[in-house]
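J.: Can you make the complete structure from the sequences, with help from the hints?
Protein sequence lines, in the order shown, are assigned to chains A and B.
For the record, in the first sequence the residue sitting at position 545 is 545 according to the working numbering, with numbers rising by one throughout.
For the record, in the second sequence the residue sitting at position 291 is 291 according to the working numbering, with numbers rising by one throughout.
Check each hint, because a few of them may be wrong.
Derived pair list, reagent style SDA-like, types lysine to any residue, alpha-carbon separation capped at 20 angstroms [what the hints assert, rightly or not]:
no.	chain 1	residue 1	chain 2	residue 2
1	B	357	A	36
2	B	274	A	40
3	A	456	B	367
4	A	39	B	365
5	B	430	A	420
6	B	357	A	25
7	B	274	A	43
8	B	357	A	420
9	B	357	A	32
10	A	39	B	340
11	A	39	B	274
12	A	391	B	164
13	B	357	A	30
14	A	391	B	166
15	A	39	B	357
16	A	122	A	316
17	B	274	A	571
18	B	357	A	27
19	A	463	B	157
20	A	39	B	367
21	B	274	A	568
22	B	274	A	575
23	A	391	B	161
24	B	274	A	562
25	A	39	B	351
26	A	463	B	357
27	B	357	A	28
28	A	39	B	161
29	B	357	A	31
Coverage of chain B stretches by chain A, computed from C-beta distances (three or more under 8 angstroms per stretch; other residues unrestricted) [as the list claims (entries may be wrong)]:
no.	stretch
30	119-132
31	445-457
Worth flagging that the hints you see were computed from the coordinates, not collected in a lab.
Cβ coordinates follow ideal geometry from the N, Cα and C atoms, glycine included.
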Amino acid sequence: MTDISMDIARPEPKFRLDLTSDAARARIRSRYRAETRFKAYGIAALTVTALFLAVLMFDILRNGLPAFWQHSLLLDVPVAADIVDPAGKREAGAIKGADYFPLMRNALNAAIPGIESRSASKQLTRVLSVGAPDRLRDMLVADPSLIGKTIKVPLLLSDDADLYYKGAGTGIDDRAGRGTATPSGRTGEITVLTSSNDFAEELQNIKLRLKSVADTISRDAGRIERSGPDQAQRVASMRAEVANLANRYQQPGNAEALDSKVPSVLVAINGGLVKATRLDASGITGDVLLPLKSAEEAKPGTWKVVHYSTPESDRKVTDQEVAFLERLREAGAVDRHFNWRFFTTGDSREPELAGIRGALTGTALTLLVTLLLCLPIGVMAAVYLEEFAPKNRWTDVVEVNINNLAAVPSIVFGLLGLAVFLNFFGLPRSAPLVGGLVLALLVLPTIIIAARAALKAVPPSIKEAALGVGASHQQAVFHHVLPLAMPGIMTGTIIGMAHALGETAPLLMIGMVAFIVDVPTAFTDAATVLPVQIYLWSDLPEPAFQSKTAAAIVVLLAFLFLMNGAAIWLRKKFERRW
Amino acid sequence: MSGIYFTTMAVLVLAGFYLSSRRAVGVSREASAGSLHSLPVYHGLYTAALVFVPMLLVFAVGAPLLDRIANSAALAAFPSSLATDELHRGATLRDVYNLAANQYSGAPSLELQNAAETLKSTLSLGRWTIFGLGVALGLAGFALGFTSIDKQFRARNRFERFVLIVLFACATVAILTTVGIVFSVLYETIRFFFDPSLKGRPTVTDFLFGTEWNPQAALRADQGDIKTAFGFVPLLTGTLLITLIAILVAGPLGLFSAIYLSEYATPRIRAFAKPILEILAGIPTVVLGFFAALTVAPIIRGWGHHVGLDIASESALAAGVVMGMMIIPFISSLSDDVINAVPQSLRDGAYALGATKSETIRNVILPAALPGIVSAFMLAISRAIGETMIVVMAAGLAANLTFNPLDAVTTITVQIKTILVGDQEFDSAKTLAAFALGFVLFFVTLVLNVIALAIVRRYREQYD
Numbered sequence: 001m002t003d004i005s006m007d008i009a010r011p012e013p014k015f016r017l018d019l020t021s022d023a024a025r026a027r028i029r030s031r032y033r034a035e036t037r038f039k040a041y042g043i044a045a046l047t048v049t050a051l052f053l054a055v056l057m058f059d060i061l062r063n064g065l066p067a068f069w070q071h072s073l074l075l076d077v078p079v080a081a082d083i084v085d086p087a088g089k090r091e092a093g094a095i096k097g098a099d100y101f102p103l104m105r106n107a108l109n110a111a112i113p114g115i116e117s118r119s120a121s122k123q124l125t126r127v128l129s130v131g132a133p134d135r136l137r138d139m140l141v142a143d144p145s146l147i148g149k150t151i152k153v154p155l156l157l158s159d160d161a162d163l164y165y166k167g168a169g170t171g172i173d174d175r176a177g178r179g180t181a182t183p184s185g186r187t188g189e190i191t192v193l194t195s196s197n198d199f200a201e202e203l204q205n206i207k208l209r210l211k212s213v214a215d216t217i218s219r220d221a222g223r224i225e226r227s228g229p230d231q232a233q234r235v236a237s238m239r240a241e242v243a244n245l246a247n248r249y250q251q252p253g254n255a256e257a258l259d260s261k262v263p264s265v266l267v268a269i270n271g272g273l274v275k276a277t278r279l280d281a282s283g284i285t286g287d288v289l290l291p292l293k294s295a296e297e298a299k300p301g302t303w304k305v306v307h308y309s310t311p312e313s314d315r316k317v318t319d320q321e322v323a324f325l326e327r328l329r330e331a332g333a334v335d336r337h338f339n340w341r342f343f344t345t346g347d348s349r350e351p352e353l354a355g356i357r358g359a360l361t362g363t364a365l366t367l368l369v370t371l372l373l374c375l376p377i378g379v380m381a382a383v384y385l386e387e388f389a390p391k392n393r394w395t396d397v398v399e400v401n402i403n404n405l406a407a408v409p410s411i412v413f414g415l416l417g418l419a420v421f422l423n424f425f426g427l428p429r430s431a432p433l434v435g436g437l438v439l440a441l442l443v444l445p446t447i448i449i450a451a452r453a454a455l456k457a458v459p460p461s462i463k464e465a466a467l468g469v470g471a472s473h474q475q476a477v478f479h480h481v482l483p484l485a486m487p488g489i490m491t492g493t494i495i496g497m498a499h500a501l502g503e504t505a506p507l508l509m510i511g512m513v514a515f516i517v518d519v520p521t522a523f524t525d526a527a528t529v530l531p532v533q534i535y536l537w538s539d540l541p542e543p544a545f546q547s548k549t550a551a552a553i554v555v556l557l558a559f560l561f562l563m564n565g566a567a568i569w570l571r572k573k574f575e576r577r578w
Numbered sequence: 001m002s003g004i005y006f007t008t009m010a011v012l013v014l015a016g017f018y019l020s021s022r023r024a025v026g027v028s029r030e031a032s033a034g035s036l037h038s039l040p041v042y043h044g045l046y047t048a049a050l051v052f053v054p055m056l057l058v059f060a061v062g063a064p065l066l067d068r069i070a071n072s073a074a075l076a077a078f079p080s081s082l083a084t085d086e087l088h089r090g091a092t093l094r095d096v097y098n099l100a101a102n103q104y105s106g107a108p109s110l111e112l113q114n115a116a117e118t119l120k121s122t123l124s125l126g127r128w129t130i131f132g133l134g135v136a137l138g139l140a141g142f143a144l145g146f147t148s149i150d151k152q153f154r155a156r157n158r159f160e161r162f163v164l165i166v167l168f169a170c171a172t173v174a175i176l177t178t179v180g181i182v183f184s185v186l187y188e189t190i191r192f193f194f195d196p197s198l199k200g201r202p203t204v205t206d207f208l209f210g211t212e213w214n215p216q217a218a219l220r221a222d223q224g225d226i227k228t229a230f231g232f233v234p235l236l237t238g239t240l241l242i243t244l245i246a247i248l249v250a251g252p253l254g255l256f257s258a259i260y261l262s263e264y265a266t267p268r269i270r271a272f273a274k275p276i277l278e279i280l281a282g283i284p285t286v287v288l289g290f291f292a293a294l295t296v297a298p299i300i301r302g303w304g305h306h307v308g309l310d311i312a313s314e315s316a317l318a319a320g321v322v323m324g325m326m327i328i329p330f331i332s333s334l335s336d337d338v339i340n341a342v343p344q345s346l347r348d349g350a351y352a353l354g355a356t357k358s359e360t361i362r363n364v365i366l367p368a369a370l371p372g373i374v375s376a377f378m379l380a381i382s383r384a385i386g387e388t389m390i391v392v393m394a395a396g397l398a399a400n401l402t403f404n405p406l407d408a409v410t411t412i413t414v415q416i417k418t419i420l421v422g423d424q425e426f427d428s429a430k431t432l433a434a435f436a437l438g439f440v441l442f443f444v445t446l447v448l449n450v451i452a453l454a455i456v457r458r459y460r461e462q463y464d
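T.: Put into structure tokens, the structure is as follows:
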């Protein structure tokens, strides 16, 4: 055989392994570049996902955490006996039913004296919530001897005032006045004149703004004119407007009016506050928001020019309210405290009064029904399928069916609940019982699949040993295999329940979306659950509810993390490798 | 009532268990030859089951039956001229129940008092009948179990047979659920298309190919002549548009994550990245919907404004992007599984030929894993089509027939939710339309799932 090799004339190879030429080096370099690129795609994908999660969490926390705190006014409230209990019998019913509004008003007027105009005093009472007297009422019912005394009580603020203290209002800056200022009165509409041009800067800002408005209108007019001749009249009126504005901003000296679309200019003088409605370089005309102590002239440096940098039309609180709230803050009457009410009350139309207790109770009732149904049924079904079912067509059908059921959209389960449980069996709408039934059907496949996996993980030798010493098949399964599979089943159950906890759509179908103030106490009471409460609140226009929604989400996520954490802990603690 | 019944049942069951096992112990001590076939506990369990099952059945059948009988008795006592249609009957029945429970506000009429009396007497008679029957059957079961205790009696085999039947019944719950879904949805869908008494119902062709969706017009029966439109096409395009955006987002991100995690990542990176995906998978969709509507949509709108595009505040883009984020973990974990299932020998072969890692992945692993990846995408699509909360909160209600991702579109699930939330009557075309949509949804997702699961199954067998 050895001479065969001798006969082979070695032909020139068609392909030569070329590793050294420049072209080959370039090829290899480009292959490695491709390799790096490919790896970078993977890292980028993971980074984007992680970034999304981080932004989501950050956004929810940023929105939600402030809602766990609340502001109240700590005021001395003189509890007049003739208002709270005119009959003088000190009955709980009469005290509960009394009108507390005058008490609140008196306390506020005592805190900010001298408010005369009707609209101002109305705005003053508006900083309090309609639920502000609750605490006082409870105190008086508990201890009627307080009637007639003056007591310090926290009065709950309205949602807008609360949000203002949480920083959703306006930036405030001030600077000392350079000249001597002379107010023309103490209340009502007054003028404040200064000896130097203190307001030149503000006036210039307003002129600049007029110019930019004029430029915008002029641009729009030009566009409309170009688009066709049919709107000539409109263009003409716009041009006139521009001319008018130009006339105003080109003359730097003359006075300008301020409206709610520009940052507010105020003057703090002699212990009072004046809001400018019209200003020129050396003085303002304006409304007194907080009354002045005197109408004497103020020396340079003793009075201030104040700016509320957010225009009044861009915020929920008026200048008058901001003035009140700032004054109350300076007086030290504002108390920031943890928002226990959020956890102890049901839903409400008033954001500052709304809580999640009703939703939490509803969730607990619903999940209890779900757990009681799907844990035994799921485990027994899994035991049957894994240990006792004959391997035939029927078992195959059941198996495929369970896998498919796990992927059916959840809203379809809601349709099932509506058609079968509500319309066919006539069970009550909005009830945790029905919600629990629907969720049980929804998570049953998850639990069956998890339980089967756990049963499968128990080595057959355990069962065989039991059978070998004479146990019946059921004894072997129930006494030996099932207890060993239990940690795995529990893990699967917790994950299934976490899934049920976050589920919303099927519960909308069976009417758990009603506005329910009362905390449910029975399985057939009308109730709602936490995710549905989140959905309901997210639809409401008040900004305070947006914050509440995020806070409810924080609670929901906390529960979910707790459950998943428990599942992971269980898995770690009881995990056994056979 | 039910409290007393179930307490009695519990007492009887426990007594049956205790007495029977005691007796079995007694029997085993008797002098005659041989020992007990079954342990005493099985004799106890056997008797307990004999008490439990008939009593439960009596209640389960009796209670709803009694409700029906009581209702019709109460209505029969009421002059039929006063409650003519379904709506009045329901209202009357509520009044009667309130009166019987002493919660009626106002002065009840004579007829109402009559009916309430009838209701009360029927209910109390029926409840005592159920109670008597249940206890009698329970005692009979007890007697049967107790007297059959004997050394030869195979109580364990009998009880195990009973357990097996219970286990089997539990396994059929899943089947019953499917059957329930199919029948409830199918029945209403058939009514929607073919019930002649239904005003404003569309033909199947109108539904499948109509380009206008306007179910509101059929809201009231007396508006029947107003043009109602049940054209399904805009909903389909809206759903597909959002699903497409979601897959465009989630497909590359999920697939590349899976590739990186299964082929490149060190155990430390895996330990860090896996939980991120798991947390994302566990976030409830209502939370994602809130995020989409209040954060993502305004951001996208702001960007659009910046570059001079007019983007609807409920644009398909915002909903689609967030939905894509929702299904990233889904695609990634399924793809991870199939990539890991590709045998190591294929990788080794490719490396031996001098391929780089990425060349191996692109030319060997991905083609080998392709069926699994395709099925992962199909499952993801099915999930995106069926997803409700994100689109309910972030997508629109108006059924626009458009493929522009910057416009507001609506989806099948949004319409189901919009129609069915709130009060609804079962005989309006509008309500039934929701069930028809539900049927389409169920059918489409079912087909996608079946195909995907079949592919996965066959694929697994190929490499096992």
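J.: Against the structure, test the hints numbered earlier, and report the numbers of the ones violated in rising order.
T.: 3, 8, 26, 28, 30
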